[in-house]
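S.K.: The primary structure of each chain is shown beneath.
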Amino acid sequence: MADAKVLEQISQEEDTQKGKFLTFSLGNESYGIEIKYVTEIIGIQPVTEVPELPEYIKGIINLRGKIIPVMDVRIRFKKSCIEYNERTCIIVIDIGDISIGLIVDRVAEVLKIPDEDIAQPPDISKTSGNRFIKGIGKTDNEIKLLLDCEMFLQEDDIFALENIE
Amino acid sequence: MPNQNTSDSFVDMFIFESSQNIELLEQIVLDNDNNDVFSEDALNEIFRVVHTIKGSSAMMLYNGISSISHKLEDLFFYIREHEGIHYDCSALSDLVLEVIDFIKIELEKLRIGNEPDGDSKELEVSIAGFLSNLKSEHQASASDQASVSPNKKNIVVTDRLEKSGNMYEATIFFEEGCQMENIRAFDVIHKLNSIATDISHVPEELIENDQSTEIIIKNGFKVSFRSEKEYQEIKKILLQTLFLKDLTVKEISSPEETVKETADENTKTAIQQKSQKKDISENQVPLSSSIISVNIEKLDKLLDLAGEMVIAEAMLTHNPDLNGLELPNFTKTAQHFRKIIDELQDLIMSTRMVPLTITFQKMNRIVHDMNKKLNKNTRLVLVGEDTEVDKNIIERVSDPLMHLVRNSIDHGIESKEIRLQKGKPEIGTVTLEARNEGSDVLIIIRDDGKGFDKDSILNHAKKKGLLFKPEEEMAEKEIFSLIFMPGFSTKDKVTQYSGRGVGMDVVMKNIQAIGGTVNIESKVDVGSVITIKIPLTLAIITGLNIQVGDSIYTIPIKEVRESFRPKKSDIIVDPDGNEMIMVRKECYPIFRVHRQFCIETDIQDFEDGIFVMVEHDNKFMCLFVDQLLGQQQVVVKALPAYITKLKKISCIAGCTLLGDGSISLIISVRDLLSTNQ
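Chains C and D supply the protein sequences, listed in that same order. Just so you know, the first sequence maps onto residues 1 to 165 in my numbering. Just so you know, the second sequence maps onto residues 1001 to 1677 in my numbering.
Since the hints were made in silico from the structure, they are not lab data. Computed from a predicted model, the values in this text were never measured in an experiment. Treat the hints with caution; some may be incorrect.
[Unchecked claim] Derived DEER-like restraints, expressed as beta-carbon distance ranges: (1) D/Q1027 with C/G96: 53 to 59 angstroms; (2) D/K1301 with C/G96: 16 to 22 angstroms; (3) D/D1346 with C/P114: 55 to 61 angstroms; (4) C/K20 with D/K1104: 49 to 55 angstroms; (5) C/G96 with D/R1080: 53 to 59 angstroms; (6) C/G96 with D/D1101: 55 to 61 angstroms; (7) C/C81 with D/S1019: 55 to 61 angstroms; (8) D/R1379 with C/G96: 52 to 58 angstroms; (9) C/G19 with D/K1533: 58 to 64 angstroms; (10) D/P1575 with C/A108: 36 to 42 angstroms.
Cβ atoms here follow ideal geometry from the backbone N, Cα and C, with glycine treated the same way.
Could you put together the complete structure from these sequences and hints?
M.R.: Have a look at this one:
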């Protein structure tokens, strides 16, 4: 009985979170990630480098005693890197039991994008950065590239495989 | 869902109680290993334990376990009832040990969430066979006796049988907070089922009715039944109930007994009851309240938190806002705070420390089994088994120890005849010793067997192509350590216990995985000594912090030999560009940390930086770093799962938080040495 209540609560929570995206920008592009993955947003802080890692993993940070890796999304998407400034943010996301910080140029706002305004990404190529895009959200004057957070994790398995070879 | 949870906790409790009982049983049987007959105490204890296992497994509907323990109980019941009966003690021990193994496997299945579905038929048949042999032998001898003088005791028993038993009424109170009172009451009924008839109880519905638990807590659990057993026996059986707080047993009516006798018995039992109650309050109550079992995960978390607190304290007292202020009172309080935290941390560490006793005593069983199978005569001597080691380490040291003890008996200890020829005592001795040495624990396995044969090890290694060096250049230790190479096995014949050549390299790997080392000493015909050195704990280490560029690294202090500023003349560069340094006429490779870890730093010349000489397993290397920052106790944390999943970082053992909240990476000297040679 108690469990049913909790479930209800969770589903309600999911309902309120559904269709909401946190938008951020990298250079000229605007991206969105589902709000349910996001746990917090923090300013850029000193990152401890870890050797032998791919370039896009900048290192690890101390988030109130919890140590989490941070990824530079610019480098991940093969864009040129820029120097971090006071607008640079780390978006901390939780996928399953893994926490990871995403370094982005600027965080914009939380937007509600209804399902009917989300289009499938063009099926041009599944090889480049396109793999990360789950859909394209249309808002009043802009389009937002909606990211598939799970892909941040899965892609790395492929990297690990390449590494072994 | 809620149902699932409660049944899970039943299973957990069942596993916990049964494994303890099984261990106890094994201990009793092994203690008795050298005797020809079980003492009365031992028999009673075995009977009690087996009975408990039977009861609780039947309650949980694990039929395999319950039916086999039932058979075993029958057997011991018979032996116990016929005092002085003759039986083959060692065969009986083996039988019990087999049952123990069976139940252990079943419990393991439960633990990993499977159904205990093992087939106990074969074992049951052999127990039944043993019992029927015993019976026929005993009856043969008993009938001889009976013809001479009729046995008084027997007559009394049969008398009672005809009366079809007396009525009893028992009221049971369980300890507060023991939980699941209704199930425990059900267990009592289950126990009584085998000895009593006409059982009725209040509350009537135990399992079906949710309120039954409350009634039992409030009014106690009342049972009335008819049994052929005597008052004392009934009482004894009921006293075995777990978490028993209070018990009263009354004999209601015994029409054929004289009043006087009943009264007599009543006064007697009243006295006994008193003394028994006293026993309970003296022994059981403090025991159960002073020890609780805690989930290890909670302790891990507690330790983590204490680590956080150490860091938070440092961040607080070294806060940059305080710079330049004179705060005598603050400093005093801060020191006090620091002291409390230190004590707290020590205490938490000590809660995780477990004595090696259980691990060591498990070896008794191995020695017992191997003696039987290999027809050797070996005794095991345990020294310092109360030495305490971190729980995590104990779990991982058990398997390697088992391998080493097996090896000592199988390869080391000679057969009786050869031992006598060599003038050694007939019984071989394997000594298992543990003791503390600084922040390490030494575990020593010593045998007085034939020792390692250098030539045969060398020949064998040559055959298998494991030699990496000309044999005349190899030191004794290096030759011995060949047996830890994968694929090495000197015994031509593979026995059940050792000789497959997979054991020893696994031993080495397991020990190394917990940061330990293995050392072998051996003399032909005198014996061999294998010393395992493992750290007391993995969670907190003392480290030397070093800086390279903007990054800070920590080297475990145990592996640091010295640090020094080099002279330019001591540095050698070979034609391949490998840099080396001469220290006291020895030549060591140089490892530029900044180059290996790709860190930008201005300090490129050896004269501007400093060298740290590190050692692991007698291999040395000099690390070139920018500067030393000092020594500090650090709490080891694993790298985030995401990173370890991505790639195994070879030279980093983990990370830690420094006083200012920044992160330092812990260098694994062992990996560094092995990847750079």
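S.K.: Would you mind marking each hint as holding or not holding in the structure?
M.R.: Outcome of the hint check:
1. Distance hint check for D/Q1027 and C/G96: the Cβ-Cβ separation is about 44 angstroms, which falls outside the suggested range of 53 to 59 angstroms.
2. The hint said 16 to 22 angstroms for the Cβ distance between D/K1301 and C/G96, and at roughly 20 angstroms that hint holds.
3. One distance hint, 55 to 61 angstroms for the beta-carbon pair D/D1346 and C/P114, holds here, with the actual separation near 58 angstroms.
4. Between C/K20 and D/K1104 the CB atoms are about 53 angstroms apart, so this pair conforms to the stated range of 49 to 55 angstroms.
5. Take C/G96 and D/R1080: their Cβ atoms lie about 57 angstroms apart, and the range 53 to 59 angstroms holds.
6. Take C/G96 and D/D1101: their Cβ atoms lie about 39 angstroms apart, and the range 55 to 61 angstroms is violated.
7. The hinted range of 55 to 61 angstroms is satisfied by C/C81 and D/S1019, whose Cβ atoms lie roughly 57 angstroms apart.
8. Distance hint check for D/R1379 and C/G96: the Cβ-Cβ separation is about 53 angstroms, which falls inside the suggested range of 52 to 58 angstroms.
9. About 60 angstroms separates the C-beta atoms of C/G19 and D/K1533, a value consistent with the hinted range of 58 to 64 angstroms.
10. Taking the beta carbon of each, D/P1575 and C/A108 are about 59 angstroms apart, not inside 36 to 42 angstroms as hinted.
Checked against the numbered hints given earlier, the structure breaks hints 1, 6 and 10 and satisfies all the rest.
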